[in-house]
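Please model the complete structure; the sequences and the hints are all you need to start from.
Protein chains in written order, with our numbering: chain A, 1 to 539; chain B, 1 to 334.
Worth flagging that the hints you see were computed from the coordinates, not collected in a lab. Virtual Cβ for every residue (Gly too), placed ideally from N, Cα, C. Hints are not guaranteed to be accurate.
Unchecked claim - The following residues of chain B were derived to be distant from chain A, with all beta-carbon distances above 12 Å:
#, residue
1, M69
2, M133
3, S165
Said to hold, decoys possible - Straight-line C-alpha distance at most 30 Å; calculated DSS-like pairs for lysine-lysine:
#, chain 1, residue 1, chain 2, residue 2
4, A, K477, B, K84
5, A, K477, A, K311
6, A, K201, B, K84
7, A, K476, B, K84
8, A, K334, B, K42
9, A, K322, A, K311
10, B, K42, A, K457
11, A, K392, A, K322
12, A, K92, B, K42
13, A, K200, B, K84
14, A, K304, B, K42
15, A, K486, A, K107
16, B, K42, A, K492
17, A, K322, B, K84
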Amino acid sequence: MKNKALWMLFSLFALMLLVVAGCSGNDEASSEGDSDTEKAAEGNGDNTFVFGRGADSTQLDPSKVTDGESIYVTNQIYDTLVRYKQEGTEVKPALATEWKVSDDGLKWTFQLREGVKFHDGTDFTAEDVVFNFERWTESAEYVYYGYMFGATEDDMGGIIEKVEATGDYEVTFTLSEPNAPFLNTLAMPPFGIASPDAIKKHGEEYFKNPVGTGPFVFEEWIPDNKITLSKNENYFGEVAKVDEVVFRVIPDNGARFMELQAGSIDAMNGMNPQDLDTAEQDVNLQIIRRPSMNVSYMAMNTQKGPLQDKKVRQAINLAIDKKKLLTLFEGIGKPAKNPLPPSLWGYNDEIEDYGYDVEKAKQLLAEAGYADGMELTLYTMSNPRPYLPQPKFAAQAIQEMLKDVNINVEIVENEWDAHLSATENGEHDMAFLGWTGDNGDPDNFLYVLLDKDNAKKGSAGNIAFYKNDELHDILKKAQTELDQEKRVELYKEAQVIIHEDAPWFPIAHTTPPLAVSKDVKNYIPHPTGSEPFNHLELK
Amino acid sequence: MLNYIIRRLVSLIPVLIGVSILAFSLMHLVPGDPARSILGEKATEAQLEALREELNLNDPYIVQYGRFMGQIAQGDLGNSITSKEAVIVEIGSRLPATLELTLFAMGIAVLVGVLAGVIAAVKQYSWFDNISMSGALFGVSMPIFWLGLMMIWLFAVELNWLPPSGRLSNDIELQTITNLYLLDSILTLNGEAFVNAFRHLLMPGIALATIPMAIIARMTRSSMLEVMKQDYIRTANAKGLASRLVVFQHALKNAALPVLTVIGLQFGFLLGGAVLTETIFSWPGVGRYVMDAILSRDYPVVQSTILIVAVIFVLVNLITDLLYTLFDPRIKLD
Numbered sequence: 001m002k003n004k005a006l007w008m009l010f011s012l013f014a015l016m017l018l019v020v021a022g023c024s025g026n027d028e029a030s031s032e033g034d035s036d037t038e039k040a041a042e043g044n045g046d047n048t049f050v051f052g053r054g055a056d057s058t059q060l061d062p063s064k065v066t067d068g069e070s071i072y073v074t075n076q077i078y079d080t081l082v083r084y085k086q087e088g089t090e091v092k093p094a095l096a097t098e099w100k101v102s103d104d105g106l107k108w109t110f111q112l113r114e115g116v117k118f119h120d121g122t123d124f125t126a127e128d129v130v131f132n133f134e135r136w137t138e139s140a141e142y143v144y145y146g147y148m149f150g151a152t153e154d155d156m157g158g159i160i161e162k163v164e165a166t167g168d169y170e171v172t173f174t175l176s177e178p179n180a181p182f183l184n185t186l187a188m189p190p191f192g193i194a195s196p197d198a199i200k201k202h203g204e205e206y207f208k209n210p211v212g213t214g215p216f217v218f219e220e221w222i223p224d225n226k227i228t229l230s231k232n233e234n235y236f237g238e239v240a241k242v243d244e245v246v247f248r249v250i251p252d253n254g255a256r257f258m259e260l261q262a263g264s265i266d267a268m269n270g271m272n273p274q275d276l277d278t279a280e281q282d283v284n285l286q287i288i289r290r291p292s293m294n295v296s297y298m299a300m301n302t303q304k305g306p307l308q309d310k311k312v313r314q315a316i317n318l319a320i321d322k323k324k325l326l327t328l329f330e331g332i333g334k335p336a337k338n339p340l341p342p343s344l345w346g347y348n349d350e351i352e353d354y355g356y357d358v359e360k361a362k363q364l365l366a367e368a369g370y371a372d373g374m375e376l377t378l379y380t381m382s383n384p385r386p387y388l389p390q391p392k393f394a395a396q397a398i399q400e401m402l403k404d405v406n407i408n409v410e411i412v413e414n415e416w417d418a419h420l421s422a423t424e425n426g427e428h429d430m431a432f433l434g435w436t437g438d439n440g441d442p443d444n445f446l447y448v449l450l451d452k453d454n455a456k457k458g459s460a461g462n463i464a465f466y467k468n469d470e471l472h473d474i475l476k477k478a479q480t481e482l483d484q485e486k487r488v489e490l491y492k493e494a495q496v497i498i499h500e501d502a503p504w505f506p507i508a509h510t511t512p513p514l515a516v517s518k519d520v521k522n523y524i525p526h527p528t529g530s531e532p533f534n535h536l537e538l539k
Numbered sequence: 001m002l003n004y005i006i007r008r009l010v011s012l013i014p015v016l017i018g019v020s021i022l023a024f025s026l027m028h029l030v031p032g033d034p035a036r037s038i039l040g041e042k043a044t045e046a047q048l049e050a051l052r053e054e055l056n057l058n059d060p061y062i063v064q065y066g067r068f069m070g071q072i073a074q075g076d077l078g079n080s081i082t083s084k085e086a087v088i089v090e091i092g093s094r095l096p097a098t099l100e101l102t103l104f105a106m107g108i109a110v111l112v113g114v115l116a117g118v119i120a121a122v123k124q125y126s127w128f129d130n131i132s133m134s135g136a137l138f139g140v141s142m143p144i145f146w147l148g149l150m151m152i153w154l155f156a157v158e159l160n161w162l163p164p165s166g167r168l169s170n171d172i173e174l175q176t177i178t179n180l181y182l183l184d185s186i187l188t189l190n191g192e193a194f195v196n197a198f199r200h201l202l203m204p205g206i207a208l209a210t211i212p213m214a215i216i217a218r219m220t221r222s223s224m225l226e227v228m229k230q231d232y233i234r235t236a237n238a239k240g241l242a243s244r245l246v247v248f249q250h251a252l253k254n255a256a257l258p259v260l261t262v263i264g265l266q267f268g269f270l271l272g273g274a275v276l277t278e279t280i281f282s283w284p285g286v287g288r289y290v291m292d293a294i295l296s297r298d299y300p301v302v303q304s305t306i307l308i309v310a311v312i313f314v315l316v317n318l319i320t321d322l323l324y325t326l327f328d329p330r331i332k333l334d
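Structure follows, in structure tokens:
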């Protein structure tokens, strides 16, 4: 009896293991990958750069993702037609060596680099560019294509009417309207050119078998654990100085920092603010701040009540002590005076911020006829955002400060989704919001957030509902102006108007810190949130 | 007994249907939109709508549930909607990680917990009893994220004895077969990988073991105390049997049932994934996987993983029930 029972138990346990093993039986792909890595890893020695981060990539097909962690990796594997310069968001040649635009701004012709090979050995030609762009119009899943080029259900191409191979190494885009930010948009990592052969070969599985032309070649992906890349010896640009790059997932911020201290990783993002001091004092570490490409602001609803008056909006700008407010950012925020972050070309540094001056604020309010004060609502999201780490405390601080000028603020706190729909519908007097730039073009901030075209209830990017025809003309002109110098001037002028009309109280640009081992040289973080690692060196 | 097992396995079916309905409705009741989580906050309503249509999220719930169950019936757990990967493949790399950690942690917990409980009971009110039982209270109340971080700080950063987190160092190569790294390194005769994997397992294993260990120790102690007061123990002692024999053969066997229940339950819970431990020690297990899926509203992943975990939980409980008959022959399952 006892033996029988034991036997039964054993078989049940085996059954349980079978359930587990049944699940893992399908995991052949990763074990195949393992043997490949063995080859790649041999002889690499210690020249491996390990980057620690909080979450895994979702897919390695950049055209389908919106999360920074996926883009971080694909930015190493793929090239775009043009790339951002190492510092700032101006573009430089990449897969395209030169380009020209027709006078009407509708035809963009790109000369492509010859002799470039995809990691799978196939040649890169104009047909491949056409293939990629056509692929991106096939489904709503290609989210950035749809978003940046204005695709709709009926017109999946958006403003791109046609993409043609006009030669083996020449591609011509025909647009339905002139679009000056087009070039900056093409530099966005989601528009990395993938190998058509690999896409056809892997089909549904392509997202985990990425093939591009970039400085690093994909080797292996162990989900929730690590992604390994090896250097592309045949890269047309600067060949990487490290042999291997490993992206490791270490979800807890504190644990990740200790991994860095212990030396098992070389760099990390997503630091706890309280670890900053320790890191700064550690002789083995360096803190590198990523230039900001975002802005947080308090929008004032220019269509409602006392806030229709410019003087009231200016007074509110004067009555808030920005420096004090910024302490809530725990060292990761720089005060904002413009809607544009300073890392973008076109930033107007000549503008002087309103400054903190309660007396002047009171005076302006008196001139506007509100000496006795007023009641205003301030809508805030309940959860932290990358550009605003403690929204509720920020709201309370502003509430206190505005009491000094007799403005009574009622705070309305909502979950993120509810906050978005309330503010898009203009329910607020004042509201917190922020923006992270997409393509590094000023149009992506100023037109999206402050033009009258985007002040439509229900789908507003411009939640100040600020409508200024003069500004509109400038922004529209800048969209079609193809001379970069002239665009810079137009955007500087636009910022002067916005400053004067004060539809916002601009709060901050956050500069997220990266902690990097002192052994790493030449780590230059890019404002867009990720950078190719081919420039960096290990000591 | 075979009949009993078959009956229990058959009774799994209604349990799983119940679990699937629960998992399905809970996920769909929670506010949030998978399309939004895939496309990000900047997507337009038109893009969202198009994607919802592509993912069949606009169908009535009953149709979606029917489709899900239809797939399950054919043995297809579906694909993750964020990563597009087959759920079975994704779980396949995480479940063994969780299993390895759980087995290791439960091994420690049972060994130390039972031993401490027995000694504490036999030497009631001694210094050992006092210290181990306050230690157990401490263990139950310890926030695991704090304990974990302190362990990493002490053993990895300050003393440099153990690797801070993860399952295997970057420079170690291991051919995976079962994805249980210790087992794989034995199967491939890879001594270096075995040592490395074992060193990675130590800290998360001990951290995860603290709570079950404490519960088991306290349960063993109280159960043993009860048994030690029984007449037959007095008789055994009076017969002059060696006290070790009395404690381990006569008393422990009779005190084992409640302890076994606790062990079974704890084991089942841990197999469902230990989110905190997995997060702090970067352990790529089921707990974190489901957690991420819940946050991104990845319906197929959450539903299928819950089903698999439910099956395992039921199996563990069944094994526990069968073990009762080993410890107490009076228990008849049929």
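Right, here's what the structure says about each hint:
1. M69: 19 Å, holds
2. M133: 31 Å, holds
3. S165: 6 Å, violated
4. A:K477 to B:K84: Given that 30 Å is the threshold and the Cα spacing comes to 42 Å, the pair is violated.
5. A:K477 to A:K311: Distance of about 28 Å is within 30 Å: holds.
6. A:K201 to B:K84: Roughly 17 Å between the alpha carbons, so the hint for A:K201 and B:K84 holds.
7. A:K476 to B:K84: 40 Å, violated
8. A:K334 to B:K42: 24 Å, holds
9. A:K322 to A:K311: 19 Å, holds
10. B:K42 to A:K457: Holds, at roughly 16 Å.
11. A:K392 to A:K322: Given that 30 Å is the threshold and the Cα spacing comes to 16 Å, the pair holds.
12. A:K92 to B:K42: Distance of about 27 Å is within 30 Å: holds.
13. A:K200 to B:K84: 16 Å, holds
14. A:K304 to B:K42: 26 Å, holds
15. A:K486 to A:K107: 20 Å, holds
16. B:K42 to A:K492: Holds. B:K42 to A:K492 sits at ~26 Å (cutoff 30 Å).
17. A:K322 to B:K84: 45 Å, violated
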